[in-house]
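From the two separate chains plus the hints, produce the assembled complex.
Residue numbers (the working numbering), protein chains in the order written: chain R, 1 to 482; chain Z, 1 to 328.
Misleading hints may appear alongside valid ones.
Derived pair list, reagent style EDC-like, types lysine to aspartate or glutamate, alpha-carbon separation capped at 20 Å [said to hold, decoys possible]:
| no. | chain 1 | residue 1 | chain 2 | residue 2 |
| --- | --- | --- | --- | --- |
| 1 | R | K49 | R | E24 |
| 2 | Z | K173 | R | E164 |
| 3 | R | K49 | Z | D57 |
| 4 | R | K56 | Z | E65 |
| 5 | R | K278 | Z | E228 |
| 6 | R | K49 | Z | E65 |
| 7 | R | K278 | Z | E224 |
| 8 | R | K49 | Z | D58 |
| 9 | R | K278 | Z | D191 |
| 10 | Z | K173 | R | E146 |
| 11 | R | K56 | Z | E61 |
| 12 | R | K56 | R | D25 |
| 13 | R | K56 | Z | D58 |
| 14 | R | K49 | Z | E62 |
| 15 | R | K49 | Z | E61 |
| 16 | R | K49 | Z | E64 |
| 17 | R | K56 | Z | E62 |
No lab work stands behind these hints, which were simulated from the structure alone.
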Amino acid sequence: MFDSLTTKLGDVFDKLTRRGALREDDVNTAMREVRVALLEADVALPVVKDFVAQVKERALGQEVLRSVTPGQQVIKIVNDALVDTLGREAVPINLAAEPPAVILMVGLQGSGKTTTSAKIGYMLQGRERKKVMLASLDTRRPAAQEQLRVLGEQADVPTLPIVEGEQPVAIAKRALKSARSEGFDVLILDTAGRLHIDQELMDEVAEVSKVATPVETLLVADAMTGQDAVTIAKEFNDKLGVTGVVLTRVDGDARGGAALSMRAVTGRPIKLMGMGEKFDALEPFHPDRIASRILGMGDVVSLVEKAAENFEQDEAEKLAKKLQKGRFDFEDMLTQLRQMKKMGGLGGLMNLLPGIGKMKKQLAAANVDESMLNRQEAIILSMTRRERANPQIIHASRKKRIAAGSGTSVQEINKLIKQWQEMNKVMKRMKKMGGKFDPSQLPPELRAQLEQMDGGAPGAGLPNMPGGLPGGLPGLPKGFKS
Amino acid sequence: MALFRRQTAESADNKADQPEQPRSWIARLSAGLGKTSSKLTDGIGSIFGGAKRRIDDDLLEELEEVLITADLGPATAARLVAELAKRRFDAEMDDQQIREEFARDIADILAPVAQPLLADPAQRPYVVLVVGVNGSGKTTTIGKLAHNFREEGRQVTLCAGDTFRAAAIDQLKIWAERTGAAIEAREPGADASGLAFDALAAARDRGDEILLIDTAGRLQNRTELMEELAKIVRVLRKQDETAPHSVLLVLDATVGQNAHSQVEAFRDMAEVTGLVVTKLDGTARGGVVVSLAERFGLPVHAVGVGESAEDLKPFDAQEFARSLMGLA
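Here chain Z stands alone, though its shape is the one from the complex (with noise of 0.2 Å):
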């Protein structure tokens, strides 16, 4: 069951239900990838000067430069305007056909990657483990998330798995009051692994259909904090072989190159299945998930674009591509 396809579908409902959110998740997102992109695109726009240039070495020097600033890291700027080069060298464009160009690019790159969370109602629960480092947002996501699952008419449990940070485990409780969903939670400071083992016994108690378990942020250079994440894992498969059915990394959408190396780290230690990509409701434009997308190929389910329960949406390709090139 494709949670996200559903939602979409349905978005024009929840607005409706919900009046204090008067834009849509894509206007939204737009909103958010504009403003930043529109500096990606005032970039292109003021190399341009509203004319149209011949593609020379100069004009794609200053057009890998703006797609460098989106945070798309140097490698893959440079291919990408070396593709242009090669398809365009000595054509005369003007900045909204480059637009074009770019977009569809990374759309074409972004594609295979732009895949809902499927929770399959086969798994009861459906074991999804929520990994990052501090402050991406992972709590916060696990509320959406919870709230998303809740709208499904679905049975969710969270588990408090971040004993580390203080009022981590208060958090998480008030995300579980908002959304209805079951709490499992110990004392700061308990064992993780323990908790997260007990939470997956209670749900398959009650037969809830989904548990989101939440961990303590942690650098992914922390060689012993990563490990903990792996007993997490193995932990879990002591009851469910299959479990956890979904990791998901949280990456936040201001952090640049490193994101790479969080990819690398936590798909290495707890077997990463799929990104989130939160706060792209800011100025950053989270262009590195290009640069993801091309060397790790992991799913990028959705992207965090407020503060909101309803602010985690779905992430689709040409809309991410178009947005972050001020075509949306």
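In isolation and in its complexed conformation, chain R is listed as follows (with noise of 0.2 Å):
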């Protein structure tokens, strides 16, 4: 699930990125595609606007804007917004009652309740070390008792005899008297499919929910769900009070839009997903985990790719041959400033690294900005081409001119010589532990990504990155581990 939404909005941002400055109009186009992707993802319209509407606003924000990176930071917006409409924290089933906690299953017909009620079983009882039993009250589809038996006998689940003619009020309250007379923990009872506009039927379970008072009412409901679902999740939670969604069928390649639009419209959390016809198939919903996923894992994966693009090939080789006998002057120095230009700066880089957060704050503290990149590069452009190889040489009476001819100060000059002898401490440092960083500590997709690149080019430029970092400098490798 998840995949083409992911692509969808990669292509998107994709676009986005790729602009140095953004305008208004390219945010409005960027949002109109968004609200395709999510349409085409099946969120239902009401969410998607919603969505749209706080993303436009946040993303047209003056900061936005007028940053260097204006792509990055309306990605950022996007993963935030998702992760706010799917809840911020996985939310575990709640049996916090008196003995037995009663989980009540509701859904449309052929949304999974079955099936998922005999996996929750599955679960409660082996990970949770409870005694489970599971009773079903469909009445109406052929053979669905029977289904519940049998799968509650694969599972090893008990379930409750079958008494032909029993009415589902009737079934309830002798499973709840059964289960607490043979002691049971958890009491799972499976409802016939329903239609949420059968009033007959929905009062029926309301009646049934009277009778059992569940802690918890689970909507039972299918991945592929198109716009339906705002309706869908409404009137359950309305007429039924429901506690929490378990989304179904996840494994299959539907876009997931009923993931954003049942917590959306029903505020209450996703707690469970269906992942496969197997008993074990079943998964706590992360929030978090699913907005990165369906974002592609956005960040470090964009920052390698971002490098890659920036990267002129051969500069990088030349650079790296550079590093690897200790040396790295001005010229060197210059590069590096402008490929990180091209990059969209610190901040865009910064933006990029996850667990960086931190250091942002110290950056902007130390005054570190993308004007000061600006400056260096005047001060070295105003050296000569000796200047620029030997360091050394530059004297009083140079850094004066220098100064003058970049429009900066004696003490800007100072700083930044101060700076490469730094940075060529580090550099030999660097040497000396005989690599970058370990790359065996990068996730997987992101290691791909490095071998797929000769030379590493990226670890070569970014533990050497100007800008007044150096003791920043090791610290980006520690920012990958994070």
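Following this line, the structure appears as structure tokens:
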């Protein structure tokens, strides 16, 4: 699931990030494409509209448009909005009730209630060591009770004996009584599939709910559900007070819009997702992970992609050779500066790195910003070839000349030279360490990307970022690892 | 012989025979669709607020959204709205007129695919293979099909090919009892293609007219399960090169744009010849059928509008389109 939504959104963001500055028009275009991508993924229209409006408002804020990497900012905003929509945290099944804790399973016909009931029983019995009883109240679909009985047998979870002709409310009462007297911790009540607009059947299940006082009322919904997800979720929630959603058939190729819709409409967490036909194919729903799946692991991967895109191969190789010899002059620093600017500047890189939030604040405090990159570039451009290759010859009178030429001050030139010295130190230290950073610590997709690149170009490039970050350079790999 | 055409013609008699079914199928369909399309038409109604409005870009965008919420999909919705704009831009229209316009366009799209299931009596048995994802309503649809064929006085065999889902065999046996059809079944977990082969042989021996083969639900991206379907088709052809004569893909009306992926995969693996849309008595509009018709052009044979045996009805383009737009 989610794969094609990921691809679609990825395309939209690609276009966005390729642009330097963003105009309002660009954001609007991108948001139209996001809207279509979400609609094609069957996210319900009201949810899509909310979502897009929210993202747009935040994306059109001054902050983003003025930022050097507006595209990245927008992606981040989308990611945040996605997590907000899906719910922040995973919510487990609630069993905090006097035993037997009753779980009532409801949903449309064919959404997967019976299978899910058995899976939950299997999970609670195995993982949580609970004594679980299954009972089917489905007196409508032919052989539905038999189906649950067989599933229970296969999963080794006890089921309530079937009494021909007994009505749902009566079955519920009997199940409760029997679960209580036999000391069961959990009673799972499977119900007949019903249309949320079928008044009679909705009343019936409401009656069951009154009798059984479930601690969990789980709405079982098919991940392939279309726009109707909104109505279904709303109606079931209004009439029965749903406490959570189980999304089934998440192992299919549905784009998973229902996940976004259900949570948004009911405000109830998605607790579990069905990932296959086996009993153990039931997983907790982690909104953050799902969000990053939808966005295709966004940040780290796109960082490497960007690096690959922007690094001129031969220049990177030249640089790598120099670094290996432990020589790094202002000419190299200039190359680095320019490449950094192309990659979206410091801010852009920082945004892409996970776990770098703290460092960003430090950078801001140290007044490390994009204008600094420009000034440093100007300083280097005001040096002669000889000065760039041999920084040690830059003495007082040269500094004055360079400061005048670049419109900066001698202090700034001193700072840059100091920075160069520190970078050289770092470089030597890294050479001793014999590597850039340990790629085995990276997520597999990132590693794959790195392996595709020749000579570890970004590895050589990133740790050597100019811009007043001597200590920060080895810090980057740390950022990667976190 | 047109099963459903005849069925429609006789629907008045049916009604008399079954007092527990007070409403005609059209009433049920539009009641079902009506509930859902009430949202759609409420949608359109609320845009208009009862008055006429000039067709401008704003209105077109709102209309497009209303169509999207009916699961027509962004592309089809955009096209329908664009066509309306081409004809009527700047015109003053009220919601009724807009609905009529859309209904006409939708009916035009659906007309070519509204084809009854023709069980050619020259094929004996006429083999119908029923496929679809889990929970779409295959077994129930087979029960209903059996009911219809039996009503026509035809000899029917059901093949309990869903040997995977617990109690699916029992479920089909109950349908066989209810409809007076023969049933070919094996124990759970048995090989489905072997069973299908034997069922065909048995039905031939008996000289039955119709063989309805159930299959286990499977998600279309499960390649190995899809291969099994292809195998069932291959095995049937060993006895009868022309079998299966129909391969019905059962689609749940609640499904959204994923229906496209379903049709594509099942068509490629099992040579689907037609569609049945189930659960149209809910609030889902099954609007995806419109874009499916545009893209695949596969016949839509029937729609399911309830849980009883009588609740499988022929698909009528005009009716469906008008119901979808709340014009029944």
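TODO: Take the C-alpha atoms of K56(R) and E61(Z), compute the straight-line distance between them, and say whether it is at most 20 Å.
DONE: 18 Å, holds
- [ ] Sort out whether D25(R) lies within 20 Å of K56(R), counting only the CA atoms.
- [x] Holds, because 11 Å separates the two Cα atoms, which is no more than 20 Å.
Open item on the list: Does E64(Z) sit within 20 Å of K49(R), going by the straight-line distance between their CA atoms?
Closed with: 13 Å, holds
Task: Holds or violated: K49(R) to E61(Z), with C-alpha atoms at most 20 Å apart - done: 12 Å, holds
- [ ] Take the C-alpha atoms of K49(R) and E24(R), compute the straight-line distance between them, and say whether it is at most 20 Å.
- [x] Holds - the C-alpha atoms of E24(R) and K49(R) are around 18 Å apart, at most 20 Å.
Task: Agreement of K56(R) and E65(Z) with the hint, judged by alpha carbon distance not exceeding 20 Å - done: Distance ~18 Å between K56(R) and E65(Z) Cα, so the pair holds.
Task: K49(R) paired with E62(Z) [C-alpha distance capped at 20 Å] - done: 12 Å, holds
TODO: Decide if the proposed pair is consistent with the structure: K173(Z) and E146(R), CA atoms, cutoff 20 Å inclusive.
DONE: 13 Å, holds
Open item on the list: Please verify whether K56(R) and D58(Z) have alpha carbons no more than 20 Å apart.
Closed with: 19 Å, holds
Open item on the list: Against the 20 Å threshold, does the CA-CA distance of K173(Z) and E164(R) hold or violate the hint?
Closed with: With Cα atoms ~17 Å apart, K173(Z) and E164(R) stay inside 20 Å; holds.
TODO: Starting from K278(R), check that the Cα of D191(Z) is at most 20 Å away, please.
DONE: Within the cut-off at roughly 18 Å; holds.
Task: Distance restraint between K49(R) and D57(Z), which requires alpha-carbon spacing of 20 Å or less - done: 17 Å, holds
Hint compliance for this structure: no hint is broken.
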